[in-house]
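Engineer: Sequence:
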Amino acid sequence: MIALGLALSGCKQDGAPAAGSETVNRSSKQDRLDVTLRRIDVPAKVAVEGALAPSSLQPTVAPAAPPPSASSRLPTAFFSALGEHEKGARQRPVTVLHLGDGIAAAGGLGTALAEQLQRRFGDAGPGLLAPPGSYPRQRQPGLRMTRAGPWRTSSVDTPATVVGLSGFRADAERAEATMTVEVTGPVFDWAEITFLTGPGQGTASIAVDQAKGTASTRTLEAKVVRVRVPVKGRRLTLGPKGDGPIAVLGVELGRGERGIRYATLGRPAATPAALLRMDKVALANELAHMRPELIVLSYGTQASLDDRLDVAAYAASLKAAVGRLRSLAPQASVLVIGPANVAKLPAHAGSHVRDAPATACQPLSAAERAGYQALLKAADPRLARWHEPVRHAPLNRALATVAHETGAMYWDWSRWMGGACGIQAWVHAKEPLARRDHATLTSAGYERTAREIYRLLLDGYARRGAAQR
Numbered sequence: 333m334i335a336l337g338l339a340l341s342g343c344k345q346d347g348a349p350a351a352g353s354e355t356v357n358r359s360s361k362q363d364r365l366d367v368t369l370r371r372i373d374v375p376a377k378v379a380v381e382g383a384l385a386p387s388s389l390q391p392t393v394a395p396a397a398p399p400p401s402a403s404s405r406l407p408t409a410f411f412s413a414l415g416e417h418e419k420g421a422r423q424r425p426v427t428v429l430h431l432g433d434g435i436a437a438a439g440g441l442g443t444a445l446a447e448q449l450q451r452r453f454g455d456a457g458p459g460l461l462a463p464p465g466s467y468p469r470q471r472q473p474g475l476r477m478t479r480a481g482p483w484r485t486s487s488v489d490t491p492a493t494v495v496g497l498s499g500f501r502a503d504a505e506r507a508e509a510t511m512t513v514e515v516t517g518p519v520f521d522w523a524e525i526t527f528l529t530g531p532g533q534g535t536a537s538i539a540v541d542q543a544k545g546t547a548s549t550r551t552l553e554a555k556v557v558r559v560r561v562p563v564k565g566r567r568l569t570l571g572p573k574g575d576g577p578i579a580v581l582g583v584e585l586g587r588g589e590r591g592i593r594y595a596t597l598g599r600p601a602a603t604p605a606a607l608l609r610m611d612k613v614a615l616a617n618e619l620a621h622m623r624p625e626l627i628v629l630s631y632g633t634q635a636s637l638d639d640r641l642d643v644a645a646y647a648a649s650l651k652a653a654v655g656r657l658r659s660l661a662p663q664a665s666v667l668v669i670g671p672a673n674v675a676k677l678p679a680h681a682g683s684h685v686r687d688a689p690a691t692a693c694q695p696l697s698a699a700e701r702a703g704y705q706a707l708l709k710a711a712d713p714r715l716a717r718w719h720e721p722v723r724h725a726p727l728n729r730a731l732a733t734v735a736h737e738t739g740a741m742y743w744d745w746s747r748w749m750g751g752a753c754g755i756q757a758w759v760h761a762k763e764p765l766a767r768r769d770h771a772t773l774t775s776a777g778y779e780r781t782a783r784e785i786y787r788l789l790l791d792g793y794a795r796r797g798a799a800q801r
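Whatever position you read off the sequence shown (first residue = 1), add 332 for my numbering.
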């Protein structure tokens, strides 16, 4: 068995309070710590990058909105990166960062779109992942993610919690707590773990297949640090050694080959406001480390089911989020994907009739839309059918306006699916493209959607290439 020793040099050991309850270092300078990897046979270096962790939440950020134009709504920066990649003039991966709600979560649209792009341009790995076990049914094709033992999970929605770009944090102290990420396909060339370090934190045990080592996460000040382990393998396992707590913010497995690195960081029920609750300095360091060429935002599908959604406030939060992302990652193109077409069946209709012909989806009339809340409260039989959520169309229009105002590319997912009640045909297709809840697509539905987005992107990429020749 090859033993690995990971020791943080320059990190004074200290017995102060644990990270998460302390004042966080807010210097804008990015910390760098050297970690020495000692193997029995070959010495090497493990790169560690530090980013400042948030100590306060900023509710609003003024958006940066470039003048809208046809060219600004094309992902030109992404196209340029793809062109460099195909010419062999680019050594690092082309990175896509996909943020959104549960529709974008791993296993959904983000995964399907990643497969399309990586099949064409090469697979440089899945990008940053939330700690395994962060939310129910967390999955990623080609990976098995498991968690065992006493872990505590918190998120960006947890008050006064320091999290990274993944939106989640996993804390544990006892040695029996472990988390594992295992690839089912080609081996990874390196692994990178993002920790929240600080006074009172303990040592992390890290293993890649049979190679084992440790890394201290105790520092004088709270920091977000990334420990990169350049060891090939199929399985990454980590957990606390048992001498103090550790806090894991994210995990990444990478491959040395060039291609697309696609980080899917969707969260169930997530909204754009989550990005505004992240500390701007911390987010800036995360994005500087990732350096995405394309940022995909697919929010709103789950929110559109809320009959009392404040559409104006939701759109304002997206506009502020796009502004923040543009200011912190000015090199990136932005693609906003509108909400998928969905339908709902009021509770008073009864779930037993959800597949009956009489309850087939029909768009709301103008009168039904105007008096919707009163009709719903009265359990009016006219609403006892599948129909488009009353907030869906206004939200779709509002998000399209935000994309136009911020110079982002917008794709009207609902319109492509057939408009109001288009989901009906998807549910009842010979190979179902949507589930019977009329709100969730099947794998086939996500794959079909991803193929269309991929086609649009590649058509634009080809046209741009032809124009430059």
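Please keep in mind that the hints were generated in silico from the structure rather than gathered at the bench.
Note that the structure is predicted; figures quoted are calculated from it, not measured.
We put the CB at the ideal spot given by N, CA and C, even for glycine.
You may find that some hints are simply not true.
Calculated pairs, DSS-like style, for lysine-lysine (alpha carbon to alpha carbon, straight line, at most 30 Å) [unchecked claim]:
{"no.": "1", "residue 1": "LYS762", "residue 2": "LYS709"}
{"no.": "2", "residue 1": "LYS419", "residue 2": "LYS564"}
{"no.": "3", "residue 1": "LYS573", "residue 2": "LYS544"}
{"no.": "4", "residue 1": "LYS564", "residue 2": "LYS544"}
What follows is a set of in silico ranges between Cβ atoms, one per label pair, in the way DEER data are often shown [stated by the list, open to error]:
{"no.": "5", "residue 1": "ASP791", "residue 2": "SER697", "range": "32 to 42 Å"}
{"no.": "6", "residue 1": "ASP639", "residue 2": "GLY574", "range": "16 to 26 Å"}
{"no.": "7", "residue 1": "ASP639", "residue 2": "ALA692", "range": "52 to 62 Å"}
{"no.": "8", "residue 1": "PRO764", "residue 2": "ALA698", "range": "30 to 40 Å"}
{"no.": "9", "residue 1": "GLY682", "residue 2": "SER659", "range": "47 to 57 Å"}
{"no.": "10", "residue 1": "GLY682", "residue 2": "ASP639", "range": "26 to 36 Å"}
{"no.": "11", "residue 1": "ALA601", "residue 2": "GLN705", "range": "15 to 25 Å"}
Engineer: Do the beta carbons of GLY682 and ASP639 sit within 26 to 36 Å of each other?
Structural biologist: violated, 18 Å
Engineer: Is LYS564 close enough to LYS544, meaning Cα to Cα at most 30 Å?
Structural biologist: The given pair, whose Cα atoms are some 13 Å apart, holds under the 30 Å limit.
Engineer: Does the Cβ-Cβ separation between ALA601 and GLN705 fall within 15 to 25 Å?
Structural biologist: holds, 22 Å
Engineer: Does the Cβ pair ASP639, ALA692 satisfy 52 to 62 Å?
Structural biologist: Given a distance of about 21 Å, which is not inside 52 to 62 Å, the answer is violated.
Engineer: For the pair we were handed, LYS419 and LYS564, check the Cα-Cα distance against 30 Å.
Structural biologist: This hinted pair holds, its Cα atoms lying about 28 Å apart.
Engineer: Verify the proposed pairing of LYS762 with LYS709, using a straight-line Cα cut of 30 Å.
Structural biologist: violated, 36 Å
Engineer: Taking the Cβ atom of ASP639 and the Cβ atom of GLY574, is their distance within the range 16 to 26 Å?
Structural biologist: For GLY574 against ASP639, whose Cβ atoms are near 50 Å apart, the range 16 to 26 Å is violated.
Engineer: Between LYS573 and LYS544, does the CA-CA distance stay at or below 30 Å?
Structural biologist: Judged against 30 Å, a Cα distance of about 12 Å means the pair holds.
Engineer: Range hint 30 to 40 Å: satisfied by the CB atoms of PRO764 and ALA698?
Structural biologist: Holds, at about 31 Å.
Engineer: Would you say the C-beta atoms of GLY682 and SER659 sit inside 47 to 57 Å of each other?
Structural biologist: holds, 50 Å
Engineer: Look at the Cβ atoms of ASP791 and SER697 and judge whether their distance stays inside 32 to 42 Å.
Structural biologist: holds, 37 Å
The structure is inconsistent with the numbered hints 1, 6, 7 and 10, although it conforms to all the rest.
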